[in-house]
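Going down the list, the protein sequences come from chains A and B. Here the first sequence is numbered in my numbering, starting from 1 and rising by one per residue. Here the second sequence is numbered in my numbering, starting from 1 and rising by one per residue.
Bear in mind the hints are in silico, worked out from the structure with no lab data behind them. Treat the hints with care, as some may be off.
Unchecked claim - Straight-line distance between alpha carbons at most 20 Å, and here's what the computed PhoX-like set of lysine-lysine pairs gives:
| no. | chain 1 | residue 1 | chain 2 | residue 2 |
| --- | --- | --- | --- | --- |
| 1 | A | Lys395 | A | Lys352 |
| 2 | B | Lys23 | A | Lys197 |
| 3 | B | Lys101 | B | Lys23 |
| 4 | A | Lys131 | B | Lys23 |
| 5 | A | Lys197 | B | Lys72 |
| 6 | A | Lys197 | B | Lys43 |
| 7 | A | Lys352 | B | Lys120 |
| 8 | A | Lys198 | B | Lys95 |
| 9 | B | Lys112 | A | Lys198 |
| 10 | A | Lys84 | A | Lys131 |
| 11 | B | Lys150 | B | Lys166 |
| 12 | B | Lys150 | B | Lys76 |
One-letter residues, chain by chain:
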Amino acid sequence: MPVMNSPYNGRQPSEFRILTELEGVPNSRSLEVYKKHGGYAALEKVLKGGMSPDDVINLVKASGLRGRGGAGFPTGMKWGFVPKAPGEKYLITNFDEGEPGTYKDRYIAELNAHMLIEGKLIGAYAIGASKSYIYLRGEFYGEIAWCEQAIKEAYDAGYLGDNIMGTGFKHHMDVYIGAGSYICGEETGLISSLEGKKGQPKLKPPFPAVKGYLGQPTIVNNVETLAAVPWIIRNGAEAYKKFGTEKSAGTKLFNISGPVVRPGCYELPLGYPLKRFIFEDCGGLIGGKKLKAVIPGGASAPVLTAAEIETITMDYEAFAGAGTMLGSGAVIVIPEDVSMVHVLENLMHFFKDESCGQCTPCREGTGWLLKMSRDIVNGEGSPGDAEKIADVAGKMMGRTICTFSDAAAGPARSIPQKFAHEFLEFYKSKQNAAQAHG
Amino acid sequence: MASFFSSALNETIKGYLGRYETKRSSILPILHAIQDENDWISKEAVQALEAEHGLSVVDVNEVLSFYTMYRKTPPKPYRLEVCGSISCWLNGADKTIATAKAHIAEAEKAGKPVPFECHKVECLGVCGYAPVALVNKDRHLNVTPELALKLIADYSKKDLPAAAKKCAADLAARSSKQ
Chain A
1 MPVMNSPYNG RQPSEFRILT ELEGVPNSRS LEVYKKHGGY AALEKVLKGG MSPDDVINLV
61 KASGLRGRGG AGFPTGMKWG FVPKAPGEKY LITNFDEGEP GTYKDRYIAE LNAHMLIEGK
121 LIGAYAIGAS KSYIYLRGEF YGEIAWCEQA IKEAYDAGYL GDNIMGTGFK HHMDVYIGAG
181 SYICGEETGL ISSLEGKKGQ PKLKPPFPAV KGYLGQPTIV NNVETLAAVP WIIRNGAEAY
241 KKFGTEKSAG TKLFNISGPV VRPGCYELPL GYPLKRFIFE DCGGLIGGKK LKAVIPGGAS
301 APVLTAAEIE TITMDYEAFA GAGTMLGSGA VIVIPEDVSM VHVLENLMHF FKDESCGQCT
361 PCREGTGWLL KMSRDIVNGE GSPGDAEKIA DVAGKMMGRT ICTFSDAAAG PARSIPQKFA
421 HEFLEFYKSK QNAAQAHG
Chain B
1 MASFFSSALN ETIKGYLGRY ETKRSSILPI LHAIQDENDW ISKEAVQALE AEHGLSVVDV
61 NEVLSFYTMY RKTPPKPYRL EVCGSISCWL NGADKTIATA KAHIAEAEKA GKPVPFECHK
121 VECLGVCGYA PVALVNKDRH LNVTPELALK LIADYSKKDL PAAAKKCAAD LAARSSKQ
């Protein structure tokens with residue numbers, strides 16, 4: 001299938017390896033293999049090479065690294081928000097990977113959790129944190145074990161403890177295990193959960209960088225974000241910016257799901273053409289089916305039609321320009337024979353299940369969106385329903401403590417709007433069926 | 001008076017109580033540990049946490065009721081939890097769930113029950129290998145209806161997990177008291 005002109009034409013995904021360097025390397029999870037591939041050299045450079053915390057923050061700022069969990073906030077800038085005053089500060093890794101379509105953070109742990117640990121240590125040095133946590137979702141039994149093993153190895157090797165590499169830098173790290181709640185992936189919900197409470201988000205401001213875990217300055221970073229830091233320290237900001245676009249620097253893990261020939265987690269430079277990714281790298285749809293739609297950044301991202309992906313590139317700006325978002329880089333592929341009416345119902349079921357119930361527009365709104373989309377699926381809908389759904393979804397946006405409600409409203413607005421003809425056909429076929437039975 | 005918890009579990013609980021900045025943070029991991037040993041978390045366990053370890057019933061119940069992984073009623077020995085979120089659904093999770101549930105119900109009806117229950121759960125975070133399912137703590141990928149039936153058959157042949165045996169013994173002891 002011909003694809004658009006792109007600077008990446010003719011180049012293979014294997015050429016863009018920052019996070020996935022250890023792919024295919026035997027025994028990749030061991031500390032020994034990690035060190036052979038430059039592991040902990042970045043930490044040494046920071047601690048022994050005379051880099052100040054501000055030097056680290058400035059380097060990360062200059063690299064253009066942005067949060068890879070979904071929001072895309074510049075990482076160095078986030079670190080810079082932490083007050084310089086003495087006192088306990090915390091760095092927490094968000095490993096609560098639960099956005100439908102997303103399975104990239106676990107892939108980093110599967111390759112080598114030391115990437116994350118080294119990135120965390122560097123981040124902790126930058127913000128002055130002597131304690132950090134990896135918050136993992138409870139269902140990630142294998143990933144939890146890999147992180148625990150890597151932390152133990154790091155302690156044994158002197159990369160964690162009271163006097164790291166003999167430099168006097170002190171840092172302790174632990175895992176914390178969630179218990180089944182999507183909202184704990186929201187940074188303030190995660191902090192509530194770590195405090196041993198319901199994982200309900202907190203009002204911002206104050207932002208966690210000022211007042212977070214137990215009221216202390218806290219940075220919450222995604223796994224992929226932190227795992228990229230050692231490479232940036234070793235190779236410099238300019239090397240990182242050679243990948244990606246001007247505003248979306250570096251590489252990103254893209255995880256594809258749905259009926260595609262070669263699903264998996266791919267590391268690609270930001271700005272890579274989405275169509276090429278789906279049809280060349282991932283082999284297109286199983287059975288040569290036609291593409292109907294793509295959810296480009298996890299279940300919270302508004303849907304794109306097949307026509308809309310013809311020329312789009314995978315970066316923060318291009319997706320935002322198309323009214324959707326890069327999110328977690330979770331590309332969900334929907335084939336021609338799946339009804340968008342059913343897709344809407346499935347997504348609304350997820351959001352209804354996972355709303356934490358704290359804010360009325362979200363708690364009630366997700367319930368109504370599910371009920372209305374389910375009524376349509378059951379043949380009890382009417383042509384005015386799409387407008388009602390859009391109306392309810394519109395009232396859920398910008399009115400709640402966190403952005404979960406907006407995330408639920410996104411697909412509820414975009415699907416009936418972009419696939420209005422499918423909804424109309426659905427009513428007609430259901431009406432006809434009812435009349436035939438009547 | 002004897003502790004509600006086993007001595008090993010008491011040691012684990014004490015370890016968690018001192019592991020984090022606040023005692024309250026230990027509630028989630030302690031509930032996981034209780035569930036790992038007893039297969040579920042009873043009201044008696046929550047009361048014992050307060051009486052024996054000073055964790056408030058109110059705080060513990062807040063956590064217990066919010067998070068979906070904690071089982072508040074005695075479960076079957078094996079839980080087949082199939083992800084029904086968008087990526088798994090696109091790859092046929094509904095059929096897997098329906099097939100497994102029907103099989104479990106039929107076995108029950110025929111007087112040959114299998115030690116299984118099946119639930120639809122939300123995203124399990126391995127979406128490229130859909131449908132994804134857990135049998136207790138074991139992850140299985142590409143769980144077609146056929147594979148679900150095979151999993152039920154294979155696990156049913158195994159010796160029951162220790163937690164399931166303890167759960168059954170606890171329930172038997174409780175009913176003999178009544």
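Hint by hint, here is what the structure shows:
Restraint check for Lys395(A) and Lys352(A): the C-alpha separation of about 16 Å stays at or below 20 Å, so the hint holds. At roughly 11 Å between alpha-carbon atoms, Lys23(B) and Lys197(A) fall within 20 Å of each other, so this suggested pair holds. At roughly 40 Å between alpha-carbon atoms, Lys101(B) and Lys23(B) are farther apart than 20 Å, so this suggested pair is violated. For the hint linking Lys131(A) to Lys23(B), the alpha-carbon distance of about 17 Å falls within 20 Å, and the restraint holds.
For a cut-off of 20 Å, the pair hint linking Lys197(A) to Lys72(B) stands: about 18 Å separates their Cα positions. For a cut-off of 20 Å, the pair hint linking Lys197(A) to Lys43(B) stands: about 18 Å separates their Cα positions. With a CA separation close to 14 Å, the supplied pair Lys352(A) and Lys120(B) stays within the 20 Å bound. At most 20 Å may separate the alpha-carbon atoms for a hinted pair to count; Lys198(A) and Lys95(B) exceed this at roughly 33 Å.
Using a Cα cut-off of 20 Å, the hinted pair Lys112(B) and Lys198(A) is violated, with the two alpha carbons roughly 40 Å apart. Of the pairs offered as hints, the one joining Lys84(A) and Lys131(A) holds, with about 16 Å between alpha carbons and a cut-off of 20 Å not exceeded. Proximity of Lys150(B) to Lys166(B) is assessed by CA-CA distance (about 26 Å); at most 20 Å being required, the pair is judged violated. Under the criterion of a C-alpha separation no larger than 20 Å, the hint pairing Lys150(B) with Lys76(B) is consistent with the structure, at around 18 Å.
Violated hints, listed in ascending order, are 3, 8, 9 and 11; each of the other numbered hints is respected by the structure.
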